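Each chain, written out:
There are 2 protein chains.
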Amino acid sequence: MIDPALLDPTGNSNGKGSDLVALTRAICDIPSVSGDEKALADAIEVLLRGCAHLEVLRDGDALVARTNLGRDRRVVVAGHIDTVPIADNLPTRLAGAGDDAVLWGRGTVDMLGGVAVALALAVELGAPGSEPAHDLTWIFYDHEEVDSALNGLGRLARNHPELLRGDFAILGEPTDAGIEGGCNGTMRIELRTRGVAAHSARAWIGENAIHAVAPALARLAAYEPREVEVDGLVYREGLNAVRIEGGIAGNVIPDACVVEVNYRFAPSRSVEEAEAHLREVFEGFDVVVTDAAGGARPGLDDPLAAEFVRSVLATTGGVPAPKYGWTDVARFSELGVPAVNFGPGDPLLAHKDDEHLPVAQLAQCRDALRAWLLGG
Amino acid sequence: MIDPALLDPTGNSNGKGSDLVALTRAICDIPSVSGDEKALADAIEVLLRGCAHLEVLRDGDALVARTNLGRDRRVVVAGHIDTVPIADNLPTRLAGAGDDAVLWGRGTVDMLGGVAVALALAVELGAPGSEPAHDLTWIFYDHEEVDSALNGLGRLARNHPELLRGDFAILGEPTDAGIEGGCNGTMRIELRTRGVAAHSARAWIGENAIHAVAPALARLAAYEPREVEVDGLVYREGLNAVRIEGGIAGNVIPDACVVEVNYRFAPSRSVEEAEAHLREVFEGFDVVVTDAAGGARPGLDDPLAAEFVRSVLATTGGVPAPKYGWTDVARFSELGVPAVNFGPGDPLLAHKDDEHLPVAQLAQCRDALRAWLLGG
Chain A
1 MIDPALLDPT GNSNGKGSDL VALTRAICDI PSVSGDEKAL ADAIEVLLRG CAHLEVLRDG
61 DALVARTNLG RDRRVVVAGH IDTVPIADNL PTRLAGAGDD AVLWGRGTVD MLGGVAVALA
121 LAVELGAPGS EPAHDLTWIF YDHEEVDSAL NGLGRLARNH PELLRGDFAI LGEPTDAGIE
181 GGCNGTMRIE LRTRGVAAHS ARAWIGENAI HAVAPALARL AAYEPREVEV DGLVYREGLN
241 AVRIEGGIAG NVIPDACVVE VNYRFAPSRS VEEAEAHLRE VFEGFDVVVT DAAGGARPGL
301 DDPLAAEFVR SVLATTGGVP APKYGWTDVA RFSELGVPAV NFGPGDPLLA HKDDEHLPVA
361 QLAQCRDALR AWLLGG
Chain B
1 MIDPALLDPT GNSNGKGSDL VALTRAICDI PSVSGDEKAL ADAIEVLLRG CAHLEVLRDG
61 DALVARTNLG RDRRVVVAGH IDTVPIADNL PTRLAGAGDD AVLWGRGTVD MLGGVAVALA
121 LAVELGAPGS EPAHDLTWIF YDHEEVDSAL NGLGRLARNH PELLRGDFAI LGEPTDAGIE
181 GGCNGTMRIE LRTRGVAAHS ARAWIGENAI HAVAPALARL AAYEPREVEV DGLVYREGLN
241 AVRIEGGIAG NVIPDACVVE VNYRFAPSRS VEEAEAHLRE VFEGFDVVVT DAAGGARPGL
301 DDPLAAEFVR SVLATTGGVP APKYGWTDVA RFSELGVPAV NFGPGDPLLA HKDDEHLPVA
361 QLAQCRDALR AWLLGG
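Here the protein sequences line up with chains A and B, keeping their order.
Once you know that position 306 of the first sequence is 306 in the numbering used here, the rest is easy, because the numbers rise by one and skip nothing.
Once you know that position 205 of the second sequence is 205 in the numbering used here, the rest is easy, because the numbers rise by one and skip nothing.
Just chain A, with the same shape it has in the complex (with noise of 0.2 Å):
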C-alpha cells in the first residue's frame, strides 16, 4: 500500500505539491524485480482507480489509467514498474537534505522515479479544478528488465493496441531530467566455427576451431563505429563481442568456438540493413540472428515533440540528446505514435549497485511536465 496522502498536490510539508521523494521511496520500497511486480502493481491500481477522472485497465501486472475529455490530441506517458535484482539496495537510503539530497536504492534511476512523477500526475491532472490540454494515458507496466518477449508494454500492444495510441508519447526512462529521442537499434549475432577435435598432442590431425575466428575479433578489433546523424541528433554507433567460448579440454583440439557479437545501430538503419551490415563486415563466417530489435528516429520534428521539447527546455535548460541505449519508445514508434524519453536519474547509474538520484530532479520532471501538459 502507498499512503494516498503521498499523492495529494497541496498536501505535503512544503506546499510545493505532492510529495515527490516520500512516495519515491514509497515506490522502491515495495519489491519488484521483474516478474514479482504485481504488490507494486496492486498498489499503483488502488491509487488509480480511486481516481474519478481516469478509466483504468489492468492487464496482467500493468496498469492503463486515461481521462476521457474530448481533447483534440492524446499524450501517453508510460514507464516500467520493474527494476533489476535487488542488491543489498533496499530499503531506500535518503542523504543530505532538501534540494541537495540523494536517494540512493535499486529503482531510483531505473525507473522508479520517473514512475512516481507519472503517478502524481495521474491524480493530479484532470482532477476537479486541473485541465490539462490534452487527453491523457497513464500506462505503467512490468518485464521491462527481462526478455523482451515478456515485456508489458509489448503485451499491451498486442492485447489492447488502441489503448497505446496517442499523438505523442513520453517515455519516463532516465535522461538526467533532459531529453532524449529516439534510440539506437540492437542486434545480437552468434559466429560459429567448426573444426576437427585430435588430441593436441597430434593436432595436424585436427583442425582448431578457436583459431578459425581470429579473423572475425581482428575485424572486431578493427572495427571504427560510425557516428549518424538523424533528424538532428547525432547517435554513436558499436559493435562489439560480448561473449566467446570454445574448447573441449586441455589436451584437445577444439572443434566449435562460437562468438556472441552485439550491434548497436542508428535508427536511420533498418533492421534487415543492420543484418545485411554484419553479414558484410563478417563475411566468410557463419552468422546467424538471435536477437533484433529495430531503433527509434527521435522524431522531433513532430509538432507535438517540437512544442514539448521547447516547453520543457524552457524549464530545465540544455539541448535534446539521442538516447544510445534500446527503450520502448521503439515500441511507440513503430505504432507511429512520436516518443521521447524524459525522466530524472543519470541513465549510467542504471542497474549499478550504487544506483542513486538527486532528488531535486523529481520536481524539476514533474514540473517541466506538468506545466507542458496543462498547456504552459
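The set of hints was computed from the structure by calculation and includes no laboratory data.
Note that the structure is predicted; figures quoted are calculated from it, not measured.
The reader is advised that the hints may include incorrect statements.
Same chains, same names: a pair is fine if it fits in one copy or spans any two.
Dumping the calculated SDA-like pairs for lysine to any residue here, alpha-carbon to alpha-carbon at most 20 Å [claimed, not checked]:
(1) LYS38 <-> VAL56
(2) LYS38 <-> SER311
(3) LYS352 <-> GLY206
(4) LYS38 <-> PRO303
(5) LYS38 <-> GLY50
(6) LYS38 <-> SER148
(7) LYS352 <-> VAL146
(8) LYS352 <-> ILE205
(9) LYS352 <-> ILE248
(10) LYS352 <-> ARG155
Put chain B on the given structure of chain A with help from the hints.
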C-alpha cells in the same frame, strides 16, 4: 579375480603360450577407471604373489615385482592399469576369429593389452626353466589418465625411487607394436586480457577484453610449428588454443577474456626454453604457465636400447618413430633411465569410444619382448 590358467605359458588352446586374448579380456572386464583401480590391482597382486621368482611390493594401487637373479643389467617394463571413463564399451567384445580377430572395448588399446603382455611375461620369465638375460622389474601402476600429481609412477618415484632404477625401461603404451622413442614435452599457459565493463549501448565507455585477444589468436593461426630432429627421430611440435572464455551478458562489454594454450615441444627443448619461446610468441600478453612437463629424448643411442630396437624390429619390421604425446617415459628419462614406448594398439584409438585392438599384436609384442629378454 583372473584365472591363473590364462597365464600358463604352455596351457592355452593353441599351444603358442599364454592365452593373451582371454587374459586381455579378463583384465579389461574388471573396470578400472582412474581412482577405481583397486579390484584390478588386487587381481594382479594375487597372480604376482603366486610367483616364487618375484619380489612384490604394493604402494596404493601400484605394484612392483622384481627378479633378483644377480644379472649385470636390469630392464624395467611398466604400464598403467587405469583407463579413461567407460563409454558403454565394456564388457569387451571379440569380433572375428584367429589372427584376424579384433577385440573391442575400453582399455584394449590404452593400455590393458600392454598390461596383459607384461603380466604374462612377468609370470613366465625367471620361473624355473626360464633364464632371462637381464634382471627384470615389472611395474603396474594407477592414475595415469588423470592429473599428473596423482600419477602412480610418480608416486613410486617419490616413495621408492630405488625400485624404478634400471638400465633400460620399456613402457607398454600403444605403438601399434612399433617402437616409439622419447616424447614431446607439454606446457599449458593462460593468456588473460582485462578490459572495462560497460553497457554495450555505450560501448565507448568500456574496453573490450575479447577484442584484445585478437592478436593472440592471429599469432596462433599463423604459427608454423617446427619439426625437430632429436637423436635421429623427427618430432613434430604443436601450438594450439584449447579453450577460450569471455563475456558477462549479451548487453555488457566484457572485462575479461582467457585463452588456454597447449604447447607440445620437441624433447630437445627444456621446459624453461619452452616457456621463453611462448613469452616471445605472446609478447605483450599476460602469460601464466599452468602446467608443464618436459619431454624425453628418444635415447636410442644407448647400447641396451639399440640392442632392443634391433631385436624387436627383426621380428616386427618397421623403423623407430618419435612418440608425440607425453608419456611416462619422461619420468624414466628424468631418472636417467633410457626408455621407449612399445605396445599393442593404434595410439590414435586411445580414449575413443570405439577403442579396439587387432589381437594379433598381443602375441607379436609378447614374442618380440620375450625373445629379447631371453637374450635372443
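Against the structure, the hints come out as follows:
Only within a single protomer do LYS38 and VAL56 lie at most 20 Å apart by alpha-carbon distance; the minimum there is 16 Å, versus 74 Å between protomers. Neither within a single protomer nor between protomers do LYS38 and SER311 lie at most 20 Å apart by alpha-carbon distance, with minima of 35 Å and 84 Å respectively. In this assembly of identical chains, LYS352 and GLY206 lie within 20 Å of each other by CA distance solely across copies; the values are 15 Å between and 44 Å within a copy. Within a single copy, LYS38 and PRO303 get their C-alpha atoms no closer than 38 Å, and across copies no closer than 85 Å, so neither meets the 20 Å cut-off.
In this assembly of identical chains, the alpha carbons of LYS38 and GLY50 lie at most 20 Å apart only when taken from the same copy (18 Å versus 77 Å across copies). Taking CA atoms no more than 20 Å apart as the test, LYS38 paired with SER148 passes inside one copy only; the shortest distance there is 19 Å, against 55 Å between copies. Taking the shortest alpha-carbon separations for LYS352 and VAL146, only the intra-copy value of 16 Å comes in at or below 20 Å, while the best inter-copy value is 43 Å. In this assembly of identical chains, the alpha carbons of LYS352 and ILE205 lie at most 20 Å apart only when taken from different copies (15 Å versus 48 Å within one copy).
For the homomeric pair LYS352 and ILE248, the shortest alpha-carbon distance between copies (14 Å) is at most 20 Å, but the shortest distance inside one copy (34 Å) is not. Taking the closest pair of Cα atoms, LYS352 and ARG155 never come within 20 Å of each other, the shortest separation being 27 Å inside a single copy and 51 Å across copies.
Hints 2, 4 and 10, counting from the list given before, are not met by this structure.
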